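Visitor: Here are the chains, one letter per residue:
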Amino acid sequence: MPFMKGVAPIRRTTKYLARCPLVLKPRVKVMTVNFNDKGEEHSEGVRDFVFWNLPQIQYKNPNVQIVTFKDMTPSPFITCFMEDNSKVYFDVDSQTNKEIMDRLVKTVGKSKQVLEEEAIASEAKSNPANFNRRLGFERHCICEMPGQVPCPSVVPVPIHWRGKWWNQGHRYEEEE
Amino acid sequence: MAGSLPGVLKNSILLGQVVPSNLKNALKVQVPYFTFDERLKAYFKKTEDFIAVDPSKESKTGDVVIIQKLEKQTKKDITHHVSQTVFKLGDVKDPISGEYVVGSEYRNRRDKIDELYGATGNFKYDEAPKRGRLEGTRDFTDKPTYRTWHEFEKDDPYGIRN
Chain A
11 MPFMKGVAPI RRTTKYLARC PLVLKPRVKV MTVNFNDKGE EHSEGVRDFV FWNLPQIQYK
71 NPNVQIVTFK DMTPSPFITC FMEDNSKVYF DVDSQTNKEI MDRLVKTVGK SKQVLEEEAI
131 ASEAKSNPAN FNRRLGFERH CICEMPGQVP CPSVVPVPIH WRGKWWNQGH RYEEEE
Chain U
122 MAGSLPGVLK NSILLGQVVP SNLKNALKVQ VPYFTFDERL KAYFKKTEDF IAVDPSKESK
182 TGDVVIIQKL EKQTKKDITH HVSQTVFKLG DVKDPISGEY VVGSEYRNRR DKIDELYGAT
242 GNFKYDEAPK RGRLEGTRDF TDKPTYRTWH EFEKDDPYGI RN
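Chains A and U, in that order, give the protein sequences.
Last residue of the first sequence: 186 (the working numbering), numbering continuous.
Last residue of the second sequence: 283 (the working numbering), numbering continuous.
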């Protein structure tokens, strides 16, 4: 881990950030965490959640606005605001950060199955080995790669390589 | 300007705090968001100001509100409208219990303790009038303040001369 200064710099590694189970459902637009600082035991889990897990959540959900509020209310809670102006409250008093994360994944997170399907779909899209310029890939055909057979529209392929020659029976003829 | 806005700010709803402004029929709302630094792999907080209309005229400076993007903009600068107030400054309501709260204490518990001690002269939240009564005379949080250097005959209360 290069450039690893500060408290718990592992939080600043891509591997750690990408290992977040919580990908919020698309209708969640704003997430608010209200918690209390230093000393209050019931807020300890939420404090850990903010320290360890919030950067992960923001990494996986770059278009969700995440806001924290400190010392506004006696008990900690998390609010999720949806695009239809409704909200969901999570009372997280005396819960550990793992419990909070699991609960959020269960209620407002995409399920593992959906995430797996999305991963497969995105792989097919971004695989640079695919052809077809019209669909956004870099190459239109293997004929444009150096060292491969050139495009038959430019340079005719040797006749004995053609399926036409093979299937018309010329391979049985005596060579001159 | 719209092209350089990060994706979060293009959302249909945003959460922000009302900030003092000189606007007459609109509010300035400051929206905090996080940007990712690719090299340091860390998030840094930035804020963006939006001008929103408040149809109910209830929001004051310091309130935390949810602003929603307007479908049709009548004025060029007014882009959002206030759809709900999350917290009112001074009258914070804990949504889980529904009780009014002062910092990390419940108001009714505080009042009970004050009563047991026989306190007099404490601020009574229930009897106090709504916020906004003294705006312009004693409360100068609605408009932005500035430093002034010259002594005028009639000083602008929003100009500070310390």
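Because the hints were derived from the structure by calculation, they are not lab data.
None of these values were measured; they are calculated from a predicted model.
Be a bit skeptical, because a hint or two may be false.
Across the chosen pairs, the derived CB separations fall in these ranges [said to hold, decoys possible]:
hint, chain 1, residue 1, chain 2, residue 2, range
1, A, HIS150, U, LYS166, 41 to 47 Å
2, A, THR106, U, GLU236, 35 to 41 Å
3, U, GLU159, A, CYS151, 30 to 36 Å
Chain A stretches covered by chain U per the calculated footprint, using a threshold of three residues with CB under 8 Å from any CB of chain U [unchecked claim]:
hint, segment
4, 39–49
5, 68–79
Don't be surprised by glycine CBs; every beta carbon is placed ideally from N, CA and C.
Visitor: The structure should be examined with respect to each hint, and the outcome stated for every one.
Guide: Hint check results:
1. Checking the proposed 41 to 47 Å range against HIS150/A and LYS166/U shows it holds: the Cβ atoms sit about 45 Å from each other.
2. Remark: the range hint 35 to 41 Å for THR106/A to GLU236/U is upheld by a beta-carbon distance near 38 Å.
3. In this structure the hint that GLU159/U and CYS151/A lie 30 to 36 Å apart at CB holds, the actual value being about 35 Å.
4. Three residues within the 8 Å Cβ limit are the bar, and the segment 39–49 of chain A against chain U gives 4, so the coverage statement holds.
5. Here the segment 68–79 of chain A counts 9 residues with a CB under 8 Å from a CB of chain U, which clears the bar of 3, and the coverage holds.
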